[in-house]
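A.B. asks: Each chain, written out:
2 protein chains.
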Amino acid sequence: MPAISIAEELAKKQREISVSEFFERNKQILGYDSATKALLTAVKEGVDNSLDAAADADILPDIFVEVRKVEKDEFLVVVEDNGPGIVKKEVANVFGRLLYGSRFFSRAQRRGQQGLGISGAVMYGQITTGKPTKIRSKVAEQDVAYEIELILDTKKNRPNVVEEDFVVWERAHGTRVEIPLKGRYIAGKQSVPEYLKATAIVNPHARITYRPPEGDDITFERATEDLPPKTKEIPPHPHGIELGTLMAMMKETKSYKLAAFLEEEFVRVSSRVAKEICETAGLDPDTKPKSIVLEQAKALHDAMQSAKLMSPPTDCLSPIGERLIKRGLKNVLGSLRPEFYAPPLTRDPAVYSGNPFQVEIGIVYGGDLPPDQPVEVLRFANRVPLLYQAGGCALTQSVGNVDWRRYGLEQRGGQGLPFGPAIILVHVCSTKVPYTSEAKEAVATADEIMTELGLALKEGGRRLKTHLTKKEHRAKTKEKFEIVQLILPRIAEKSAKIVNKKIPTLDATITKIMGVVWIDEQIAYDKKLKRHSVTINIHNFTSAGKKLNLHLLLPRGMEAKSMDPKPAEARDDGKITWELKRIDSVTKASISFVLDGLDEAEYDESDVYVSGINPGLVIGAEPLPGDWELNYAEFEGEEGAVPEAAEEEGEIDYDETEESLEDE
Amino acid sequence: MPAISIAEELAKKQREISVSEFFERNKQILGYDSATKALLTAVKEGVDNSLDAAADADILPDIFVEVRKVEKDEFLVVVEDNGPGIVKKEVANVFGRLLYGSRFFSRAQRRGQQGLGISGAVMYGQITTGKPTKIRSKVAEQDVAYEIELILDTKKNRPNVVEEDFVVWERAHGTRVEIPLKGRYIAGKQSVPEYLKATAIVNPHARITYRPPEGDDITFERATEDLPPKTKEIPPHPHGIELGTLMAMMKETKSYKLAAFLEEEFVRVSSRVAKEICETAGLDPDTKPKSIVLEQAKALHDAMQSAKLMSPPTDCLSPIGERLIKRGLKNVLGSLRPEFYAPPLTRDPAVYSGNPFQVEIGIVYGGDLPPDQPVEVLRFANRVPLLYQAGGCALTQSVGNVDWRRYGLEQRGGQGLPFGPAIILVHVCSTKVPYTSEAKEAVATADEIMTELGLALKEGGRRLKTHLTKKEHRAKTKEKFEIVQLILPRIAEKSAKIVNKKIPTLDATITKIMGVVWIDEQIAYDKKLKRHSVTINIHNFTSAGKKLNLHLLLPRGMEAKSMDPKPAEARDDGKITWELKRIDSVTKASISFVLDGLDEAEYDESDVYVSGINPGLVIGAEPLPGDWELNYAEFEGEEGAVPEAAEEEGEIDYDETEESLEDE
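Those protein sequences? They're chains U and V, same order as listed.
The first sequence finishes on residue 664 if you use my numbering, and the numbering steps up by one all the way, no holes.
The second sequence finishes on residue 664 if you use my numbering, and the numbering steps up by one all the way, no holes.
Next up, chain U with everything else stripped away, as it sits in the complex (with noise of 0.2 angstroms):
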């Protein structure tokens, strides 16, 4: 066949495909490859939709889910919510039309921003069962609900109505949907009130309700009658976003002068930034937009990456936040009863691509978890679980990252993921988080996000192996109290009886032999107060007087009261600092402090550490980590540090000589 009727046959058979006939063909883009994970995918996109309208409305959300068995594998999923509900003209719309949504130009934190979601739902249902999909919708103002029975057109990408009417709904307003469609039900991690479970935990202000196919109903009740705050749209912020973006962005813009269009269409750019931005790329502030040519464009695009310029705001996004993290862990883990929940860590805003986004992590060690399992990574993006895709998804992959052998876990190679009885839970909520597909089942590993979830895993894993560490010299130290309480009295028996003298005190001498200062605490909690009362103790047994300043590290959001002593430092992000002047040897110092509004549950351990002293001395705080910024200029060239190998091993000399105040 001569190349000419080649090129020409293949010609023929070019042609545009609409999105809808592409998804049909790849539903596994979409999250639809297999019958079990296909009916947790339709709950899921039922469930996002529901939780981002309540919060649209600013409502507090009361969500009913419902999987019915049909036949052998033919499932009816019904969700239900009390939403603002969707105006008539739209609903069709937005179920029977892909890439059809109101959330994919807005800049603010949402589960839902493709417009894929529950039409790929209706589509695949359709698709497996033949069957349409019937959705409910009501609005306040109205008195009835409009329902409306549709499927899509594939080939068009609309929405096909097969039924459409006005009925009574008992419900103010709200909306719900029930999509037939093939899957299998399982039990287990993969499952829907798993999903459900671990749903409730990352949005506590939720109230679902979930009917199984068989047996009972069970409700997640809400924890908390707070809304989350309300998250802001924003403006794209100027660093990271693409020179091509820039450029469609000028063309379209409806300023007529460089420096307004800056200011107006940028977040964290004044007219001051912006005129700076302008002189940088040597381009007149009053240039027309529409004008700017490529080689401006990049000079433009450079000014605005070198600008030195604030972080998005925070108000665009909402992390889960310190607290609940532990609060939610708990909840999933209670009959496990883990020995220890390091502190979680919420991390500053950052920026990628222009978006902001944030990062969040908890670790829990220890208890009845399976000591000789890989770690458990729970996985979360704006507030939704993922539950599939681990391998592919940054948020697992950061952890494989990281050298866990360093805090105390095993790991072959010093990579992949770590084994030990630990849980890691990883969130990252952004404006816009980049997944690797439409299914949202696992998060891109863009480079600005892998390097803060690095951060925040390495910080997590230092603050696991304090504990660890703390655990392990607290339990050397009290076999050498012990034996040493017990051997010398006796030594002392009978050589005083060989010498026919008086058993001489030992106290003094068992201090000596000891050599340390030891640190514990006690936490009384008073329900009817929702009081902590927390007091941390400093025994010194040594055979000097000693001084040194203790700092305790507060979770986010939680404010010690009553503090005594006052502190010489007090810090928003939580750091606390206390100078204690003077221990006499056989002596204890005492700190005390409250805290108000937790749960019992919420506090059970301070995260303490010390300075100004020989570490190697100190059992139950660790030394104050270098990357803990000083404001204290009295800490400077005082010996503080333990060398960094014998840190990472773990190994303390107690010999070591001590550092004793003059007056000895």
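Take these hints with a grain of salt, some might be off.
For chains that are exact copies, the list does not tell them apart, and a pair is met inside one copy or across any two.
Said to hold, decoys possible - For lysine-lysine, the following DSSO-like pairs were computed, each having C-alpha atoms within a straight-line distance of at most 27 angstroms:
id : residue 1 : residue 2
1  : K155      : K290
2  : K156      : K12
3  : K275      : K308
4  : K501      : K478
5  : K156      : K13
6  : K72       : K189
7  : K257      : K155
8  : K156      : K290
9  : K547      : K512
10 : K230      : K13
11 : K12       : K254
12 : K13       : K155
13 : K330      : K588
14 : K254      : K156
15 : K155      : K89
16 : K156      : K251
17 : K288      : K88
18 : K465      : K478
19 : K89       : K156
20 : K494      : K512
21 : K478      : K588
22 : K156      : K288
23 : K232      : K155
24 : K134      : K251
25 : K298      : K155
26 : K502      : K257
27 : K89       : K566
Read the hints as simulated data drawn from the structure, not as lab findings.
Chain U is fixed; fit chain V onto it per the hints.
C.D. replies: Here is chain V on its own, set in the frame of chain U:
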């Protein structure tokens, strides 16, 4: 705010999102999530297109790839081919419009199918550089080439022509694309040259020349002048088609009768089978397909699923083939000199969701491969190397699902990637590979594909284990041989001296003590004739005569000639059996054959098994596996298999009572 205005307000934001706007905001889904990956993805899309174009036109591909550095982080990616070219009126659409292509609806194995690849690269290029892409294309009967510079209007998803012209081009026909983009150039595992090398391995009919940003051109010469067998397009297979898809087909068919519709629009449905399906479904074969209602469609769908049908034809698929897998692996691994190449394995085609697919694997072991690392998994789909998203890919996951401890590799808990000096190549080809996203970086875990992968990998593992056990047994027995041959004569000598008698001959005694049947082989290669001459020797080092059946498994596509003695059976699938009637004590039998037309490296070890003898006696061949379907009645009832537990642990009791022939 009352709910009415919220619902109305939300409605105002609802709008359609163009597919290009969607991917502009979600470029990570197309594979552009980092600067490094973006550069590779653009090259990949260009090369995929070129290879597909050559395949469409039965041309031996000659592809030129260049990555040129423009400025600090800007590159120009050039891909030029000798394909049939693209007719003028289609060029702009093919490169400047998403979801536009010729292969989306074709059921044949192609690299590209979605109409997203190259236009996605063009879009990424303009987003990051603001510059257009230049395309030049010439079809055979034109004297000049058509050259166009275009950008993609993402609002409308249509090409915007910046410039166009006709130019003289020395090529007879072909296409050249030049994409400017922001990227980062790296060396190593996920680099452009590594990708091209992997592509060359599985496309040995292609010549690929690569011009890097710095340094000399690299050419991967073609290893064969033979085009791979041309793949044919086929209609869908009734097994696995979705009910909704079937209903949509019936609405659109031009057939007036149900039976004709089934026969014409599905593969493997004869007119007899079509009538049977209608009968099972309780439907009149003359029913008009358009008139079928839901309940009828369901019955028809069930009948189609339960109908006994032939597998889909294989000529729509283009597997790499067992010979080529081995050659490809040797090509990459030459310098590492692995000790063993497990015979590669191409499984028979299977079906998922109506799409035929085929799975192939190859395993390499030992030599200079690192013994303490996770095994490397080389992934391919439709002859395209997969370099990213390994963790989220069915190919990697299926490797992790196998308990490799059974096959001699180390693996914690019997799951996850095993550790050891091994490389596992996995290839899936299909008329429609279910990728997890549009970037085509990972294969989704469709149940049927996972099943086939599992079977293939277990079979591969078994072959590896066979080799490892054989090696271990040989080593053990050799040691025993050496000890016996060393010590026995000394004892004899001493004893003889003491009793003052002549030293006795010990051959028979040694043989009796060894009590093994030793199988080894010599392989000679004649370069001129391209001929392997193979001799397999069976030494009977037991004290009785022995008979046994020897089975040889040849890789697909190899044919043993001049077999001496004649085998009892030689099957098409490469399984050959000899019945060795009697080998006297302390004698040997030999089997010889030749293999023609192979390169020397393609055959270096025979895969042999035994039956009809206590396999515990045999060193150098494994017992015939239970799943090797036998046609020999006489084998039945004879003792043959080592107890499973013993086989698992590689322990064989050498002192087991010998089965001797009657004549001893």
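A.B. asks: Please sort K254 with K156 into within, between, both or neither, judging by C-alpha distance up to 27 angstroms.
C.D. replies: Between copies only: 20 angstroms across, 33 angstroms inside.
A.B. asks: Is it within, between, both or neither when you check K13 against K155 at 27 angstroms Cα-Cα?
C.D. replies: both (17 angstroms within a copy, 25 angstroms between copies)
A.B. asks: Regarding K465 and K478, is the shortest C-alpha distance of 27 angstroms or less found within a copy, between copies, in both, or in neither?
C.D. replies: within (19 angstroms within a copy, 52 angstroms between copies)
A.B. asks: If the cutoff is 27 angstroms on CA atoms, where do K232 and K155 land: within, between, both or neither? Let me know, please.
C.D. replies: Cα proximity of K232 and K155: across copies only (26 angstroms, versus 37 angstroms in one copy).
A.B. asks: First find the shortest C-alpha distance between K330 and K588 inside one copy, then the shortest across copies, and answer within, between, both or neither for a cut-off of 27 angstroms.
C.D. replies: Intra 34 angstroms, inter 72 angstroms, cutoff 27 angstroms: neither.
A.B. asks: Can you tell me if K156 and K12 fall within 27 angstroms by alpha carbon in one copy, between copies, both or neither?
C.D. replies: both (21 angstroms within a copy, 23 angstroms between copies)
A.B. asks: Go through the copies and call it for K230 and K13: within, between, both or neither, with a Cα cutoff of 27 angstroms.
C.D. replies: between (50 angstroms within a copy, 18 angstroms between copies)
A.B. asks: When Cα atoms must be at most 27 angstroms apart, do K501 and K478 count as within-copy, between-copy, both, or neither?
C.D. replies: Classified as neither: same-chain Cα gap 31 angstroms, cross-chain 76 angstroms, threshold 27 angstroms.
A.B. asks: Could you place K12 and K254 in one of the four classes (within, between, both, neither) given a Cα distance threshold of 27 angstroms?
C.D. replies: Between copies only: 20 angstroms across chains, 42 angstroms inside a chain, cut-off 27 angstroms.
A.B. asks: Treating 27 angstroms as the Cα threshold, decide for K72 and K189: within, between, both or neither.
C.D. replies: Classified as within; 22 angstroms inside a copy, 47 angstroms across copies.
A.B. asks: My question is about K134 and K251: at a cut-off of 27 angstroms on alpha-carbon distance, are they close within one copy, between copies, both, or neither?
C.D. replies: Answer is between: at 22 angstroms across copies they meet the 27 angstroms cutoff, but 43 angstroms inside does not.
A.B. asks: Taking 27 angstroms as the upper bound on the Cα-Cα distance, should K547 and K512 be classified as within, between, both, or neither?
C.D. replies: within (17 angstroms within a copy, 84 angstroms between copies)
Against the hints set out earlier in the document, violations occur for numbers 4, 13, 17, 26 and 27.
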